[in-house]
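Numbers 209 to 746, taken from the numbering used here, label the letters of the sequence shown in order.
One thing to keep in mind: the hints can contain errors.
Stated by the list, open to error - List time: in silico DSS-like cross-link candidates among lysine-lysine, alpha-carbon distance up to 27 Å:
id, residue 1, residue 2
1, Lys663, Lys731
2, Lys663, Lys409
3, Lys666, Lys618
4, Lys618, Lys663
5, Lys731, Lys666
6, Lys618, Lys409
The set of hints was computed from the structure by calculation and includes no laboratory data.
Since this is a predicted model, take the numbers as computed values, not measurements.
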Amino acid sequence: MLLAELVTTSQAVAATGSRLAKREALAALLRRCPPGDVEIAVTYLAGDLRQRRTGVGWAGLRGLPAPAESPTLTLATVDAAFERASRLFGEGSATARAAVVADLFGRATAHEQAFLRGLVSGDVRQGALDAAMLDAVAAAAVVPLPDVRRAAMLCGSTADVAVAALTGGTEAVRALGLVVGRPIRPMLASSAPDVAAAFAKAAGDALVLDAKLDGIRIQVHRDGEQVAVFTRSLDDITGRLPEVADVVRALPVRSAVLDGEAMTLDGSGRPRPFQDTASRTARQHTATPPPDPAPTAEATATPIGDLSSPAEVPAEPALAAPVPGTVTPFFFDVLHLDGEDLIDRPLRERLARLDAVVPPPYRVARVPDVGVEEGRRFFADMVAAGQEGVVVKSLSAPYEAGRRGAAWVKVKPRHTLDLVVLAVEWGSGRRQGWLSNIHLGARDPASGGFVMLGKTFKGMTDEMLAWQTDRFLGLEVSRTSYVVTVRPEQVVEIAFDGLQRSTRYPGGVALRFARVVRYRDDKTAAEADTLDTVRALL
Numbered sequence: 209m210l211l212a213e214l215v216t217t218s219q220a221v222a223a224t225g226s227r228l229a230k231r232e233a234l235a236a237l238l239r240r241c242p243p244g245d246v247e248i249a250v251t252y253l254a255g256d257l258r259q260r261r262t263g264v265g266w267a268g269l270r271g272l273p274a275p276a277e278s279p280t281l282t283l284a285t286v287d288a289a290f291e292r293a294s295r296l297f298g299e300g301s302a303t304a305r306a307a308v309v310a311d312l313f314g315r316a317t318a319h320e321q322a323f324l325r326g327l328v329s330g331d332v333r334q335g336a337l338d339a340a341m342l343d344a345v346a347a348a349a350v351v352p353l354p355d356v357r358r359a360a361m362l363c364g365s366t367a368d369v370a371v372a373a374l375t376g377g378t379e380a381v382r383a384l385g386l387v388v389g390r391p392i393r394p395m396l397a398s399s400a401p402d403v404a405a406a407f408a409k410a411a412g413d414a415l416v417l418d419a420k421l422d423g424i425r426i427q428v429h430r431d432g433e434q435v436a437v438f439t440r441s442l443d444d445i446t447g448r449l450p451e452v453a454d455v456v457r458a459l460p461v462r463s464a465v466l467d468g469e470a471m472t473l474d475g476s477g478r479p480r481p482f483q484d485t486a487s488r489t490a491r492q493h494t495a496t497p498p499p500d501p502a503p504t505a506e507a508t509a510t511p512i513g514d515l516s517s518p519a520e521v522p523a524e525p526a527l528a529a530p531v532p533g534t535v536t537p538f539f540f541d542v543l544h545l546d547g548e549d550l551i552d553r554p555l556r557e558r559l560a561r562l563d564a565v566v567p568p569p570y571r572v573a574r575v576p577d578v579g580v581e582e583g584r585r586f587f588a589d590m591v592a593a594g595q596e597g598v599v600v601k602s603l604s605a606p607y608e609a610g611r612r613g614a615a616w617v618k619v620k621p622r623h624t625l626d627l628v629v630l631a632v633e634w635g636s637g638r639r640q641g642w643l644s645n646i647h648l649g650a651r652d653p654a655s656g657g658f659v660m661l662g663k664t665f666k667g668m669t670d671e672m673l674a675w676q677t678d679r680f681l682g683l684e685v686s687r688t689s690y691v692v693t694v695r696p697e698q699v700v701e702i703a704f705d706g707l708q709r710s711t712r713y714p715g716g717v718a719l720r721f722a723r724v725v726r727y728r729d730d731k732t733a734a735e736a737d738t739l740d741t742v743r744a745l746l
């Protein structure tokens, strides 16, 4: 298939706000897509490359050749070029990679070049969200949508489901079940402003409250002595968290899929700053030898029922208590245990199975079937202990992988700061032509100036984008092609989930998950929160 066909579809999807129209445009493309190109097409329309790392960034897209006059590039040609770039390492690789990129872009038309830039930068925004793509796959392959959605949840890949649906139909899609060693999409929680609202929103007659830990979401698979640790985004980080793998390897089970959080504790048992844990997943940790590699798809293809019987399982090693300073797993759900898939079982049953194999030091704190008042006390206790809050869960609900519904409802204390806008970045995609990403600063009484704490484009409506474009152009001091620096006058109320130490910003602190609540015209910049206030919160 020509890249130009896919680019035209992407443009059509971006031009409409109708989900039905998006689905039909995507389905039409998939129907005429050759089987060998389906995985590439679905991946590109999701705004991703198949290669996790290519070594190509914005710097590598400067000084590119002029666009071609007519389209000749195929999806396979583009994918092969990025594959070549991803395999270049060592001396001379930068030059060789630049040659690959120049050759690829020199064969692309202007529209194709723009699309390829978006793929490289992760800035393809045509509105083809995963749900719309799954709808399109079901329509193009004439496969029941519930089957397509379930398969995507259990195999963690829309592209894999698309290939199965368009080449093997309903039977192939239904064969994509849970496989130990292959991550599934995690169940997600919706939000509520407080515990009472969470109780009212949560589905089910009987509820349980879990602590919401200030760690990283992990999904751990075990098959015999093989253990694999995956992130929420399904990245394999087994080699970076060997102590997590060791904990699961010591459990009295033959096979399991566990859902939980990983967190670093201090000597008193309180969580260390989030970034202490997150930094371990961002780079290779070599202090402890990594465990055996995760099983491949081929290695896990044997039916799970063919594993040895419980009587043949060797004795498990003793499980030591959590050690301060190491990354410790805390589990709150079990999706598979010793040959039995549990995702369709009610949470009540899954928790009983979890409690039978995971000792208390490695389970998330939980209070069962309580009322609102006791739930509020538990929430206060968890926040006081340094955690993020609580999750209210229905005991009758199955594990809805990849879904965010009323079966799980999270409650976190909302922190807000009144900060000052220091600069604004021009938007892209559907925000093209608007000032979008705002640079946020706290007042520094010592210098009389402002210190940057981070950026955000979250929480902005179209009306807000239009307003702030006019407002900040009126405050403009200088600009580059990308950023407009403004007079530090406009105060904005920012909600955020937490703070972390930062070497990127001069104040040594940065906001986590910042989002706009409202612009404060009732406050002057002199009344904004100070850097001392922010550091005190940290």
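### Message
Of the numbered hints stated earlier in the document, which are not met by this structure?
### Response
As far as the earlier hints go, only 2 is violated by this structure.
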